[in-house]
Every structure is written in C-alpha cells, then in structure tokens.
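Visitor: Given the coordinates of chain A, assemble chain B onto it according to the supplied hints.
There are 2 protein chains.
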Amino acid sequence: MTPMNDTRSAKIRLYVDQPLGQGQTVPLSREQAHYLFSVMRLGPGDPVLVFDGVSGEFLAHVAEAGKKGGTLACAAQTRPLQPPPDLWLFFAPIKKARTDFIVEKAAEMGAARICPVQTDFTNAERIRRDRLQAHAVEAAEQCGGTFVPEVCDLQRLSDVLASWPAGRRLMFCDETLAGQARTLGDAPRGPWAILIGPEGGFSDAERNRLRALPFAHPVSLGPRVLRADTAAVAALTVWQQALGDWG
Amino acid sequence: MTPMNDTRSAKIRLYVDQPLGQGQTVPLSREQAHYLFSVMRLGPGDPVLVFDGVSGEFLAHVAEAGKKGGTLACAAQTRPLQPPPDLWLFFAPIKKARTDFIVEKAAEMGAARICPVQTDFTNAERIRRDRLQAHAVEAAEQCGGTFVPEVCDLQRLSDVLASWPAGRRLMFCDETLAGQARTLGDAPRGPWAILIGPEGGFSDAERNRLRALPFAHPVSLGPRVLRADTAAVAALTVWQQALGDWG
Chain A
1 MTPMNDTRSA KIRLYVDQPL GQGQTVPLSR EQAHYLFSVM RLGPGDPVLV
51 FDGVSGEFLA HVAEAGKKGG TLACAAQTRP LQPPPDLWLF FAPIKKARTD
101 FIVEKAAEMG AARICPVQTD FTNAERIRRD RLQAHAVEAA EQCGGTFVPE
151 VCDLQRLSDV LASWPAGRRL MFCDETLAGQ ARTLGDAPRG PWAILIGPEG
201 GFSDAERNRL RALPFAHPVS LGPRVLRADT AAVAALTVWQ QALGDWG
Chain B
1 MTPMNDTRSA KIRLYVDQPL GQGQTVPLSR EQAHYLFSVM RLGPGDPVLV
51 FDGVSGEFLA HVAEAGKKGG TLACAAQTRP LQPPPDLWLF FAPIKKARTD
101 FIVEKAAEMG AARICPVQTD FTNAERIRRD RLQAHAVEAA EQCGGTFVPE
151 VCDLQRLSDV LASWPAGRRL MFCDETLAGQ ARTLGDAPRG PWAILIGPEG
201 GFSDAERNRL RALPFAHPVS LGPRVLRADT AAVAALTVWQ QALGDWG
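Going down the list, the protein sequences come from chains A and B. Quick note: the first sequence uses the UniProt record's numbering, first residue 1, plus one each step. Quick note: the second sequence uses the UniProt record's numbering, first residue 1, plus one each step.
Chain A with its partners taken away, still in its complex shape:
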C-alpha cells in the first residue's frame, strides 16, 4: 500500500501525549492498546492517524500489538498543525451532560482554552478536569482536529476578572439584552475570551461588574432564551465569523 492509500484507509485518529516526528516510535498506553487491538481489532502494519496537539497529524503503523501495550511507528506528516485563534471560553458548569457537551463543542468550534468558572448562581463546587479534558481530546480525534484545547481548573469568576490578562477582550453574552441588536460591531482582532453565564443568569452584582469592565463587549444572542450549551455554540459561531478564522 502507498502512504496515500494508507492515509485514506486509516479510519482511526488517536491523540498521543508526546511530541511526534517521522521515524519516531510511539508507545501506547494500556487504554490505547485496548482500544486499538481489542476493540478496533488492529494488528501489526495497520495504519492509524496520530496527532500530539503541537506537531500536526502523522500517518503511523502498528509496530507491536499487545494486550497491555504496544507501539506505533510514525511515518510522514499528513497535515500541519491547525491552531485555533487565541480565544478562550469561560462558562459556568451546568448539568453533567451539558457541561460535557460545551467542552466537546468548544473543541470542535476552535477555542484555544476552555475555562469553567464558578459564578454566584453556579451550583457546581468542583469539576472533573481530567474527564472534561478527555472530552476535548475525543472531540479533536473525531472531528479531524490537530489541536486540543486545554481545560482549566474551576476558578471563581471574581478571581478571573481580578487577574484579567492585559490586552485580552471579553465577549460577554448578556441575556438581559435579548432582542436588542448588540453585535461585536467593528471590535478589533487579537486575544479574546467569551463568557457564558449559568442557566440562572448572572447576579446583578456580576452583571454590573462585567458591564463596567473596559475590556468587556456585551453581545446579544437574539430574542430567545438559550440554554447555556446552546449559547456557547452560538457565541463561538458569532465570534468565529466576526473575528476568528471562519472568514
């Protein structure tokens, strides 16, 4: 088989947590070996596409296949790294399935960093950062991504705002603007973040503080009440179209 046929026939994409390069040997974790050899029934010589979030995507072949581990042999690069714009998504964790969904969608839509925040009306006291990170990895594997956004630990919104990085702008989805035509207008490009509130909305204190921030741009997402997960995808679309890499 030629590498081109291999690339086409390689149905499996795998994120590996080590820098990749042509000719390199890639050790597999027990979970990866189980997935490739027991679940997907791959054997020596079978092709897999691998990416490390930094070096792009490579064609690789199974070199050793075992029950508890194995190795891949990394061949040519098949795609360069496609980094997302410098966009962070802040969101208030909600019910488990919808939080998973927000992380998955943020990875698909091209956020560079995913940051759960605790707001006045957020119930979540903690998150399972490793589980959410795994969702971001899976979204990249499934959707042909070469980059995996980092999922941060849960932080308080007040702490985030108090230590806001200089030069980063904030698109703040203000549900009290529903029905008003508030868009990004001609806001400048550069480092940005999006903030999605919890199901119960922001508290008055939070909203007043957000509105007073010089780097915050309040935006309306139409006349309807959107669930937080819907608002996340809609906000990412609005931003990517206006200031991101959709143009």
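FYI, nobody ran anything at the bench for these hints, they're computed from the structure. Some clues are possibly wrong.
Since copy identity is lost for identical chains, a pair holds within one copy or between any two.
Stated by the list, open to error - Quick list of in silico lysine-lysine cross-link-like pairs, DSSO-like style, CA-CA up to 27 Å:
| no. | residue 1 | residue 2 |
| --- | --- | --- |
| 1 | Lys67 | Lys96 |
| 2 | Lys96 | Lys68 |
| 3 | Lys67 | Lys11 |
| 4 | Lys11 | Lys95 |
| 5 | Lys68 | Lys11 |
| 6 | Lys96 | Lys11 |
| 7 | Lys95 | Lys67 |
| 8 | Lys68 | Lys95 |
Since we're looking at a predicted model, the values are computed, not measured.
Guide: Relative to the frame of chain A, chain B by itself:
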C-alpha cells in the same frame, strides 16, 4: 397575590394542545396531572404558565387536582406569541442523543419547522416523530418559548428537493467548502430552509444536485469539521444573524 406576583412565582411552564384564552378551563392529560400534582406537588390555586403555540403565554391556576387528571383556569395573557422567522431545518438523523439534541436546539434557536431527511449516507430508516416532537415541546417549555416548531415525518432528500416549494431558498452547508469564506452575503430575506448533512457528508450525486439548484446557497461553516449537531446550531446562528430576527 396579584397576577404579577403569580407570574413571577409560576416556575412551571406547560404546553397545552388546545387554543387558550382568558377565562377558559384547560383540561389536563394524565401525564400533565402526574407532573403537576405528583412530581411538582402543586395544589388548587397554584400558578402555572401555559402556552398553546398559537395564542401566546397565559397565567393559569390549578382549579382541580386529581391523580389521573385535573383542570387549570386560564387568567390573563402574560406574553404575546413570538413566532420564529419562516425558517425550516432539514437534517439527516444521526445517533439518538444527537438527533434529540438537534431538535431541542432548533426549537430554542427559532426554527419554524424541523424536517428529518434520509440522504444517501443516512443510516436511519425511521424516526420516532412523537418523541422528537416531545423534545421540541420541552425545549419551548424550558426556554420561555411561546411557539413549538412542527417535527415532520422522515422524507427522502430526493423527494424533498423534487417537490421544493416555490420561493423558498436553501442554505446548504457544504463541508467541502471548509476554509473558504462562503457566507450568505447579501442573500434576500423571505422563506428559507437550512440543510445539514449526515456525519458521512453528502454523496457526490447529492452534492452535485444541490449545487445545481437555483434556490440553493452553499455556505461554509469555517475550516474545521463539525459534527452534525454542532453544524445545526452554527448554521442556525449564521442564518439568524444575517437574515432572521437576531438583528
């Protein structure tokens, strides 16, 4: 309590399948009675917000509460009907949870009609129309909607295109345009539809047919591969911003 306090304290919104008006008695189904009286523990005199998808939202009070039924007494209108734009969403049904999600999101985002279609690469042979319709109702109940989009029966895409209604335009999300800047541009307002393909994409025959249609507008949803459910929300956002009621 004044009606205003009632409106605020009425946490429950209920879709009822009969035309509403002030002074009207609203019979409850067995399921509705179970939900209101056994699950939510409401009793006589307690407030509920009701909507019928046609007449707007009304404040109502429990008149009779039984184990297998009951009635509400409909008081004043609290909100007028907020109909969505004349936008239909065609999509190829995918895995159950993601199909449910597309229906929920279409109802939230303001689609007037939701139409599952069978494409060359769609696995689904049938859908549970009643179950999907219930998801659209629940989305309207949860998100303050006063309108419920109709979920249509599964149709073949070829049949849909062969009997396309005159004057309706089609925003067709063409994943082969990924990375190109193809937007709605200055497309005219009026009746529209969005078509989202299945996970496997459209077949070449389908894509060629779609491209040749005089009413079709191919659009790109950015440089990344999106899952069908993500593409649905992104496409609804793009359309609502450009031609819908988000302005």
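Visitor: Output the indices of the hints that this structure fails to meet, ascending.
Guide: 1, 2, 7 and 8
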